[in-house]
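10 protein chains.
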Amino acid sequence: MELPKAYSGKRFVLFSHPGDFTPVCTTEFIAFQQRYEKFKSLNCELIGLSVDQVFSHIKWIEWIMEKFGVEIKFPIIADTGAMSEKLGLIHPGKGTNTVRAVFIVDDKGKIRIILYYPQELSRNVDEILRVVEAIQISDRYNVAMPANWPNNDLLKDRVIIPPAKDVATANSRLLKAKAGEFECYDWWFCHKKLP
Amino acid sequence: MELPKAYSGKRFVLFSHPGDFTPVCTTEFIAFQQRYEKFKSLNCELIGLSVDQVFSHIKWIEWIMEKFGVEIKFPIIADTGAMSEKLGLIHPGKGTNTVRAVFIVDDKGKIRIILYYPQELSRNVDEILRVVEAIQISDRYNVAMPANWPNNDLLKDRVIIPPAKDVATANSRLLKAKAGEFECYDWWFCHKKLP
Amino acid sequence: MELPKAYSGKRFVLFSHPGDFTPVCTTEFIAFQQRYEKFKSLNCELIGLSVDQVFSHIKWIEWIMEKFGVEIKFPIIADTGAMSEKLGLIHPGKGTNTVRAVFIVDDKGKIRIILYYPQELSRNVDEILRVVEAIQISDRYNVAMPANWPNNDLLKDRVIIPPAKDVATANSRLLKAKAGEFECYDWWFCHKKLP
Amino acid sequence: MELPKAYSGKRFVLFSHPGDFTPVCTTEFIAFQQRYEKFKSLNCELIGLSVDQVFSHIKWIEWIMEKFGVEIKFPIIADTGAMSEKLGLIHPGKGTNTVRAVFIVDDKGKIRIILYYPQELSRNVDEILRVVEAIQISDRYNVAMPANWPNNDLLKDRVIIPPAKDVATANSRLLKAKAGEFECYDWWFCHKKLP
Amino acid sequence: MELPKAYSGKRFVLFSHPGDFTPVCTTEFIAFQQRYEKFKSLNCELIGLSVDQVFSHIKWIEWIMEKFGVEIKFPIIADTGAMSEKLGLIHPGKGTNTVRAVFIVDDKGKIRIILYYPQELSRNVDEILRVVEAIQISDRYNVAMPANWPNNDLLKDRVIIPPAKDVATANSRLLKAKAGEFECYDWWFCHKKLP
Amino acid sequence: MELPKAYSGKRFVLFSHPGDFTPVCTTEFIAFQQRYEKFKSLNCELIGLSVDQVFSHIKWIEWIMEKFGVEIKFPIIADTGAMSEKLGLIHPGKGTNTVRAVFIVDDKGKIRIILYYPQELSRNVDEILRVVEAIQISDRYNVAMPANWPNNDLLKDRVIIPPAKDVATANSRLLKAKAGEFECYDWWFCHKKLP
Amino acid sequence: MELPKAYSGKRFVLFSHPGDFTPVCTTEFIAFQQRYEKFKSLNCELIGLSVDQVFSHIKWIEWIMEKFGVEIKFPIIADTGAMSEKLGLIHPGKGTNTVRAVFIVDDKGKIRIILYYPQELSRNVDEILRVVEAIQISDRYNVAMPANWPNNDLLKDRVIIPPAKDVATANSRLLKAKAGEFECYDWWFCHKKLP
Amino acid sequence: MELPKAYSGKRFVLFSHPGDFTPVCTTEFIAFQQRYEKFKSLNCELIGLSVDQVFSHIKWIEWIMEKFGVEIKFPIIADTGAMSEKLGLIHPGKGTNTVRAVFIVDDKGKIRIILYYPQELSRNVDEILRVVEAIQISDRYNVAMPANWPNNDLLKDRVIIPPAKDVATANSRLLKAKAGEFECYDWWFCHKKLP
Amino acid sequence: MELPKAYSGKRFVLFSHPGDFTPVCTTEFIAFQQRYEKFKSLNCELIGLSVDQVFSHIKWIEWIMEKFGVEIKFPIIADTGAMSEKLGLIHPGKGTNTVRAVFIVDDKGKIRIILYYPQELSRNVDEILRVVEAIQISDRYNVAMPANWPNNDLLKDRVIIPPAKDVATANSRLLKAKAGEFECYDWWFCHKKLP
Amino acid sequence: MELPKAYSGKRFVLFSHPGDFTPVCTTEFIAFQQRYEKFKSLNCELIGLSVDQVFSHIKWIEWIMEKFGVEIKFPIIADTGAMSEKLGLIHPGKGTNTVRAVFIVDDKGKIRIILYYPQELSRNVDEILRVVEAIQISDRYNVAMPANWPNNDLLKDRVIIPPAKDVATANSRLLKAKAGEFECYDWWFCHKKLP
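Protein chains in written order, with our numbering: chain A, 1 to 195; chain B, 1 to 195; chain C, 1 to 195; chain D, 1 to 195; chain E, 1 to 195; chain F, 1 to 195; chain G, 1 to 195; chain H, 1 to 195; chain I, 1 to 195; chain J, 1 to 195.
Just so you know, the hints here were simulated from the structure itself, not pulled from any lab data.
Remember, it's a predicted structure, so these values are computed and weren't measured experimentally.
Mixed in with the good hints there might be a few duds.
Said to hold, decoys possible - Each computed SDA-like pair below joins lysine to any residue, with the alpha-carbon atoms no more than 25 Å apart:
(1) I/K67 x J/L174
(2) A/K73 x D/N171
(3) I/K165 x J/I61
(4) G/K108 x H/Y116
(5) E/K165 x G/Q33
(6) H/K73 x H/Y7
(7) A/K67 x B/S172
(8) B/K67 x I/L174
(9) D/K192 x C/Q33
(10) E/K165 x F/Y116
(11) H/K10 x J/D166
(12) F/K176 x E/F68
(13) D/K108 x C/Y116
(14) I/K38 x J/D126
(15) B/K67 x J/I61
(16) J/K40 x J/E71
(17) C/K73 x D/D153
(18) B/K156 x A/G48
(19) E/K192 x F/M65
(20) B/K67 x A/L154
(21) E/K165 x G/P75
(22) J/K38 x I/P150
(23) A/K73 x D/L175
(24) J/K40 x A/A168
(25) J/K73 x I/N151
Bound-form chain A, shown alone (with noise of 0.2 Å):
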């Protein structure tokens, strides 16, 4: 899939929004906006996009900007459909407003998590926030990151060593659990703190 150039080698969120003047993508607009120090400050750029003209974009951004005193500062995409359908962003069925689509690319340009949520339902930027960081964790320490991490019934915040994958590895991780190196549900299922 081909992406801006411009973007290659960082990591960023790409969303895209069914249409300018419309009320969901505004509140989505300035929730994005409004966490966008957070995001720069895990490295990662954000970038919307719609099938709207650059003319149209301008003027949303002036009136979110009279009416609410929100500045967007992150570039919005002005699309004429080509890269839409290259992304699967106009679905079948839903004439022409692109999805609200999220893609998470990381810093070697591999997208790592796609969401595909309805018109009518805005998207959650704090989970995109939790996943953007998870990311990044898993990535540097090489684990793996259970079930609602970092709020997991059952390990918190504590995260899991890949599984084993033959038999040498199964017994190494066992006796490694017994020296205290992690702790073992079973040869398969290791897991630690992160320093």
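Fit chains B, C, D, E, F, G, H, I and J to the supplied structure of chain A, relying on the hints for placement.
Same frame as chain A, now just chains B, C, D, E, F, G, H, I and J:
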């Protein structure tokens, strides 16, 4: 997309997991089981799916029961790969493992939300509960939900009236707002309290 | 070419414009609106079209009303690109913007005149009015119009008899000319005053 | 589209006509000839085209000279049908006759304007002169022309600055307007007097 | 080969000419017209054809009448090229001009003779008259014509009995020759005087 | 069309005949032989062709010599059908017999004239001599021949100047006519006496 | 393979020859004619075939009659090449001449024997007579013929019982041999005297 | 046709037989073996072929040796069917058995004679010897053989000069005949005694 | 796969062998014949198959009878190669010989076991007897057979209950085991004594 | 067929099983493990294969170790289905389960034996040991094995000399047999004691 017939006419969440006897999946199964009653109170079924064989599924479920005292009560599909391929669960460059996908399907059999998470990052079962509930409210009251609902910075748990699509409707919106039926920032951005 | 069904059996002018909130288009919309009564007196409807979305259209129309006190009363199509592609309105090398095209369609649904103007050059709404009127006269009296009609250098507002296509008709033309029914420069070039 | 090489690097108007010895065409040829000096003063050549043969063309030109004392000085292409087919001049359901098409081509060989008129309705040579002139002014001063220019109801013969395509330019437009460089209704709608 | 229906059941000569207002064609048209009565006395119609348009045809016929006092009374087809292509009248490397072709068609609609002459060489209308007559005699008396008939060096205007195709017929021919019914050089070469 | 290489660079007449030991063909062979010297004085060779075998050809030639004392001196091709098929000599509905075709080829290898006669009607060898001579005169003096030349009703044995193809040439023709270089009925119809 | 219908239900020998007026063929035709009565006494017709034309065939037959006093009484097909191609009579690298082929066809229309001889080697008409007779005896008595029959070195003019194809028949053969019905070298090789 | 390489450059007779342990084949093998020396004195090899397997071939040869004291000394190909299919030895409607085919191949690898005999009729090995010898004489002396040679009714063992293919050769033949070099019935039918 | 119709509804063993008169095949045929009664007591027929011809088959069977006094009583197919190709009996790189294949087919015409052995290694007819018997027991009692049955190291001649495929069945298995119906190592591994 | 590279140059037995945690497979794995040393003493590796995932494999192996004290020491491939499909292990009408296939591969990477057993019938590991050994002896001494070797009814553990394929070898076989090198029933059936 062809989905199990037994579930036609039911709301359900179909989630695939990479493999039996793997740790992140185990935390997810426990998390889903622990919220199973909440999903059922929203009239929503749960269905797990992986490419493991049925004998392996049963052994793993036994293990979870033994170790954590949690009995997995929702069904798990032992897929031969045919369904996984159709739902796009085996991503290129990922080998045999299915990805962590979630399909949220309404009682019309329409897929409303699709999520793809990577192998190393568990899903947020609470976010899945949030959107299952939001879709039902949206369907029942014909409203849309703002960002992060019910915790929107601006509107809190208020919901949004779908925007006018012609000038006549735009004008009537502003009149109704004046009459106190709801509040509007503009003819296209009106919101109200749920009953 | 598939045109809106509501207009079947009606004469109309379909004109595309590059985008909402652009200045040349704004002058054209005002010019069309100011001559709308004249077009309607010729039983001819007006239809605008661009690839902007409906919310953007309405905001722009609001702006025109506010700034110039002109209310745009003819409809504008918010095209997803499908119709633009079919009518040849997106020219290669022009990006997303639709070109300034005009299709003049008669009450048989037949396109009589097609004009393509570049983005930087507004159309001449008076010339469009001239040809709409000329087509109706041509259809009613089975005559043809000379260059620049009704201001032809040679014939002024006189109109032309369609030329003879065989020798017998050619001869009868000359006889009728002698009888004063019309005037002829030759058997193939006869003209007369409209009643 | 392959156009005559002799004209490469020249501005020209290529107009097809249905046939020699037909009356509307005769009035058009005379009208073009009478404005030929004006076209040439705008550095614009004229080229006629029909599917008649060269001997017929010459006889017809002789006839025009004899009857009206007008000498046609621009060249006429005797087309075998190949060029007519490529330029779309033979419309389905019209038999052999070419339609009345006009192609206005600039000195880069780029077709700027295309007009298709029906057989029964002559073109307006004055409108063609208007757009030839307007294109040259637009190219020289990098401006756009409002509707009906130079007789726009609102701006008279003033011309338009191309609209801003990002927020920075939009803001600088408003500043330049304040500085009196031009006048603006909004950041996207600025106009000025030609020098 | 599809020929004009009006001529079905009639003998006719269809001849194409390169173009109106060309000199060789003019001499041919005059020559055909001057022998038109002879062709008609043989129950044979004449049809001209070129790719010129009908208005040009009529002007040329006028010119011939004016200059030579000869009125062309047979019809001329104004071909759009479709029939010319089907009859092979536009030869590669010849440009637009049709070649000088002659098709001699009998009352069964069967083409009996085809002649293709080059542009620079007029046809021999007397030779065409000769073969039109010879075909009719051949058809009526079931005989064949020797070389240069009726001026054969050997047989003068005598005609030939079709040769025997088996030994029995061969023998009977020789017997009939002995009986004086006709003369034979051999069983396959018998000839006689027409009644 | 592939023709015998030995004849490349030579003018020749290639004529097919239906079969050896047939009477019309015999009269034609004798007629060609009796005019062979005239053809050769025009630098033109003769070639016969049929699908008979070489032994049959020789026997037939013997017979002609014996019966009429005429020695056939030009070659005859014994065709296997391959060349006959390529030259269109076997017409559908005619069985095995080749038709009477004549191809007149100039010294550039270009076919100038094609004649197809039916089986029952012999060719006119004198007409073939006429056109062979006419082509050579046309080629040498760059002139065209009127109908029935050299027995044209109007021009007798005068020949035609190729018509002007632009106005400048047309005018110069009329000037030369005035200067007595040739005579003209119009700018496109000039004729002269051969030297 | 499609053979002449007149011969359906008849035994016949179809033999092609390279050409009329060739010497080997002449000796073959004479040899066939001199054994024609023997073939007919075996109820077997003869048919010659070459690609010569019918007139040539008849002249050649005349020549044979004149020179050798032999009247060829069987028919000869004048083939256009279509049948020759179907029967494989024109071999690649052999030019036009048909090869010397023999097809021996029984009264069921089944080709029993096919022989292809080269042009330079005449056929053995006595061998053809031998096999025509052998086929009839084989068909009548359901026996097979040994090598060189009726001159086999071992069995002389005795004939062979078709071999057993299963053990039961094999055993019964040996029993019948013991009973003197025929003689056997083994269960699969039994022979007897014809009645 | 691909033939065994060991035989390239050798004259040979390749003959297929329907099957081992069949009686007609046994008589043929014995007949070929008894004439093997004669074939070898003509420098001609013998090759048998059937679709039986090699072990079966050897057992059958043993049987022949035992029963008749005849040792088969020429090779037999055990074909898998591939060669049989290529040589056309398995005829439709004949089941598995190969037909009795003979291919006589010269030392250029060219197949000169092809014979197909039915299963129930043995070949004539003497006729095969006759043609093998005749081909060699024809090749050495460039002559052709008359019917039934060397027992032709007319010419006895005299051989034929290939017929003249043009008039010059035809005449020289007659001259040589007069000079006593050979005898001729006509220019195309000359014969002589072999040296 | 199309199998001989006579065997439809019968259990049979179809075994191909490389060729008649080969030693390994001979030992196999004797071994099959010596166990033929046992196969028949299991209602199972035997069918041999090779690409040898029927005469060769019979001679070989004679040889076996003579040498070893063993009469082969089951049928042998003389295959033309068509069936061998369909059953995959001719392996690439093996030449003509069929491989040693065994197809064990039940009375539903379903192939239950396929064995391919190399040419140099004879089959184990006792193993074939073992599986023919095991399949029948499995079918009759709906049980499965452990490794090396009836000589399994662990279970001896006990047989296995097919494993549970859902949790409910799994549980009922354990209950039945407790009730003494069979023995289980786990819910999926139960076994019992055959009656 | 593409097999694991690590095993190139090694003899091995590749056997697929329907699924982990199934009873017949468990008995087979134990039987293979208990004969693993014997296979290794024949330089032959073992490889298991099923479409289960690696975590399931390890859990099953653990279970076998716990229940029976048998440690599975040979590797098991966790196949994604790609290899199963290539080796034909998933038979139509069998669902997901792989069939019980055995591939015995020699040290040239050539598959020597293929066995397909049904799901309900375990393999005979002793028969697999027998053929692994037999192939090695066959390869080392260039001999073939009789039926049921080393328990052949006729030859006991003697082995067979490959049969002669031409008469010369056949004769030398009989000579060697007389010399006592081996014993023969016929030239094609010789056998000897292994050293």
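Each hint tested on the structure:
1. I/K67 x J/L174: Answer holds: I/K67 to J/L174 is near 16 Å, not above 25 Å.
2. A/K73 x D/N171: holds (15 Å)
3. I/K165 x J/I61: holds (20 Å)
4. G/K108 x H/Y116: OK: G/K108 and H/Y116 at ~18 Å, within 25 Å.
5. E/K165 x G/Q33: holds (22 Å)
6. H/K73 x H/Y7: Given that 25 Å is the threshold and the Cα spacing comes to 16 Å, the pair holds.
7. A/K67 x B/S172: holds (21 Å)
8. B/K67 x I/L174: Holds: B/K67 and I/L174 sit about 21 Å apart, inside 25 Å.
9. D/K192 x C/Q33: holds (24 Å)
10. E/K165 x F/Y116: holds (24 Å)
11. H/K10 x J/D166: holds (23 Å)
12. F/K176 x E/F68: holds (22 Å)
13. D/K108 x C/Y116: holds (18 Å)
14. I/K38 x J/D126: holds (22 Å)
15. B/K67 x J/I61: holds (20 Å)
16. J/K40 x J/E71: With Cα atoms ~16 Å apart, J/K40 and J/E71 stay inside 25 Å; holds.
17. C/K73 x D/D153: Cα-Cα ~18 Å, so holds.
18. B/K156 x A/G48: holds (23 Å)
19. E/K192 x F/M65: Holds - the C-alpha atoms of F/M65 and E/K192 are around 22 Å apart, at most 25 Å.
20. B/K67 x A/L154: holds (12 Å)
21. E/K165 x G/P75: holds (13 Å)
22. J/K38 x I/P150: Holds. J/K38 to I/P150 sits at ~21 Å (cutoff 25 Å).
23. A/K73 x D/L175: Distance ~21 Å between A/K73 and D/L175 Cα, so the pair holds.
24. J/K40 x A/A168: With Cα atoms ~22 Å apart, J/K40 and A/A168 stay inside 25 Å; holds.
25. J/K73 x I/N151: Holds, because 23 Å separates the two Cα atoms, which is no more than 25 Å.
Of the numbered hints given earlier, the model fails none.
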